[in-house]
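Trainee: The task is simple: from the sequences and hints, build the whole structure.
In case you want the letters, here they are:
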Amino acid sequence: MDKLFPKSYKQETKPHLFCPGCGHAAILKQLGEAIDELGVQKNMALGIDIGCSLLAWNFFDIDTAQTHHGRTASVMVGYKMARPERLAVAYMGDGGAYAIGLQSLLHAVLRNEPITVIVVNNENYSMTGGQKSPTTRKSAEGGDLRGFKGPEMISHLAAKNAWVGRGSVGNPRQLRVLFKKALANQMENKSFSFLEVLSICPVNWKTDAAASFERLKEMEKIYSLGEIKIDDEKN
Amino acid sequence: MKTNKSKKLFISGNEAAVLGALDAGARLMFGYPITPASEILGTWIKEAQKNKGLQFLQTEDEIAAGFGVLGAVLGGVKAFTASAGPGHILMQDSLSMAENMRLPFVGVMMQRGGPSTGTVNFSQQEVSLAAFGGNGDGLRIVYSASSIEEMYELVKKGFDSAWRWKFPTLILGDGYLGKMKADILLNRKKSATIKSSPILKEGIISTNLRNCYSSERSLGEALRANIADWNKTKVKIAESETFMAAGAEILILAHGLVAAAAKEAVLELRQKNMKIGLWRPITLNPLDTQSLKRAVAGARRVYLFESSLNQFARIIKYELFGAEIDIKEITKPAEGFTPEEIIGLIK
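Protein chains in written order, with my numbering: chain A, 1 to 235; chain B, 1001 to 1347.
If you're looking for bench data, these hints aren't it; they were derived computationally from the structure.
Lysine to any residue pairs mimicking SDA-like chemistry, simulated, CA-CA at most 20 Å apart: (1) B:K1347 x B:R1270; (2) B:K1189 x B:N1051; (3) B:K1201 x A:E85; (4) A:K10 x B:I1205; (5) A:K42 x B:P1198; (6) B:K1234 x B:G1133.
Counterexamples of contact, computed for chain B against chain A with all Cβ distances above 10 Å: (7) R1102; (8) I1330; (9) T1331; (10) G1344.
Just the calculated beta-carbon pair ranges, DEER-fashion: (11) A:G39 x B:R1164: 36 to 46 Å; (12) B:N1187 x A:D231: 54 to 64 Å; (13) A:E37 x B:F1010: 52 to 62 Å; (14) A:G39 x B:V1235: 41 to 51 Å; (15) A:G129 x B:S1215: 11 to 21 Å; (16) A:L4 x B:I1204: 22 to 32 Å.
Since we're looking at a predicted model, the values are computed, not measured. Backbone N, C-alpha and C define an ideal beta-carbon position, used for all residues, glycine too.
Mentor: In structure tokens, the structure reads:
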């Protein structure tokens, strides 16, 4: 196979069906590279949420099941209980994870379920036409834009051996490293792992390439990248 | 709980459901407490504390419980859930996914009074929800248990049906059936049956499953295949009991605990030389239509009793359409019937 593509790709489903310029494809490429580097392609299952993420149901040559909107963490919790020796990974959007599926996400964190949850945050409901989502920044007093700090919130609730982080499609090299950490943590510590990935949505943002990455830079200014660890002594 | 094969047991319908699941080879239960089904989870947890091969998860809600079941099933483990009323509503989300993707799903639903929070006791108002509750066409197997012993048998059978036919399977009890305890003699036997293997197959070529289709045509094709399977197998799935219906001039149609009361009424009226019988569906969906048609054919008068407005009657009348049989419907949503009451209403 062409070296440009991860070995874990399902070749016959390429070209992929995401919109031109969509962040998902670039994110999935780094996920694929991380999976290749860890050699876990045949030792994992991927749960795919509804929304744009649903298009990833046959993206990889990896056992994959599409689930329902917001329900992927719950499905992968069940899967992991049945197959504890395999990696269980949930791939979701910000609407699925932070709105309709937030309850299940938080309880998976509280129970320290040994699954890896990946949330692609492009600040809107893209599949349905760009409606506002929990991560759509809101103007606050003084002109500040308030966002939804998913990883920070989760870090507050997470067990000590959980791993929480945030990456960006704008920094693929770092993203690949973060993916590897989020997957390795599940294997090594048998604990919860969470990675949010800041992404772009040129179609619904109505931005060209330059403006898309400008907006992404704004996001990177208000959201920290890397491992997110909030130590709360009283926790 | 006593599990000796030959011993008489003093157990509830909820406990019987757990024994059925155990003997069917279930290893994992997901649940959220709700009356009158809570003891299913409680009893399973006690069993799991004794047997390290069993697992459970008390989830944050019934949505997560239903989807947890699906995740475990994808991993190849026989898993199940139990709920009632409002929880049964929330499980429609996962049931609909199971129906689309042909995933085996087993749920025990102890019907409580509705709509809304209703009562915690009793009803037969979850028949439509169980059979036709999703955003699909109701390719679900629905059993209605009429006794504690039958709850055991049908839960066990429900697993076999779900794994054999790959349609979601619900076992209904009418509220009180979960809570009430009785001395019963169970012939406990492990299911010989269908093995469960990972649906995400872990093979050289990956398994990629979806429930969202990109065109009317592609979904239509998938649905036609599912419907063809349903039509082919529904005769094998459908079950009913005909009780003293041979030569009966009066026939009662009822299911669940209402049928149990009707059976006592039939026995008593037979002693008074009334030619009366009972036809009782064991599966509400699919219905054993051939047996129903035979049973009503000879009857002069047909009574239908149910503890919902007309959820059972709709299923019956649909199947009997064109048969020109006058059915007297006696219905009491969320209230039960005693045998004496049934006798009084028939006389």
